[in-house]
Amino acid sequence: MRLDKYLKVSRLIKRREAAKEFIDKGYVRLNGKIAKPSTEVKVGDSVEISSPMGKNVKAIIKEVRMVSTIENASNMYELVD
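Read in the numbering used here, the sequence shown has 60 at position 51, and its numbers run on one by one without any break.
Don't read these hints as lab results, they were simulated from the structure. All figures in this text were calculated on a predicted structure; none of them were measured in a lab. Ideal Cβ positions, reconstructed from N, Cα and C, are used throughout, including at glycine. All clues stand as given, with none of them false.
Below, in silico cross-link-like pairs of lysine-lysine (BS3-like), each with a Cα-Cα straight-line distance of 25 Å or less:
hint	residue 1	residue 2
1	Lys71	Lys23
2	Lys67	Lys23
3	Lys17	Lys71
4	Lys45	Lys14
5	Lys67	Lys14
6	Lys64	Lys23
7	Lys34	Lys67
8	Lys64	Lys42
9	Lys64	Lys14
10	Lys71	Lys51
11	Lys34	Lys14
With beta-carbon atoms standing in for the labels, derived distance ranges:
hint	residue 1	residue 2	range
12	Glu80	Ile43	29 to 37 Å
13	Gly35	Asn81	25 to 33 Å
14	Ile43	Ile69	14 to 22 Å
15	Glu87	Glu49	15 to 23 Å
Could you build the full structure based on these sequences and the hints that come with them?
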């Protein structure tokens with residue numbers, strides 16, 4: 010699955026267009042490297058999102074699903090401190 014779609018489906022970022030914009034501006038890293046929106050993600054990958062407002066999120070991908078509900082979206086990743 011594409012990184013921008015994963016961020017939207019997992020609800021780490023609410024909209025796919027916003028996810029694409031964050032990635033294009035270099036705010037998202039996949040496994041420590043700046044990624045492109047089309048980069049494929051897989052279970053075990055590390056995602057780091059740095060917001061321009063100072064909020065940082067680090068997560069490990071636990072599951073890759075094409076569709077998720079609000080209730081089970083957080084099961085797709087594990088937050089890391």
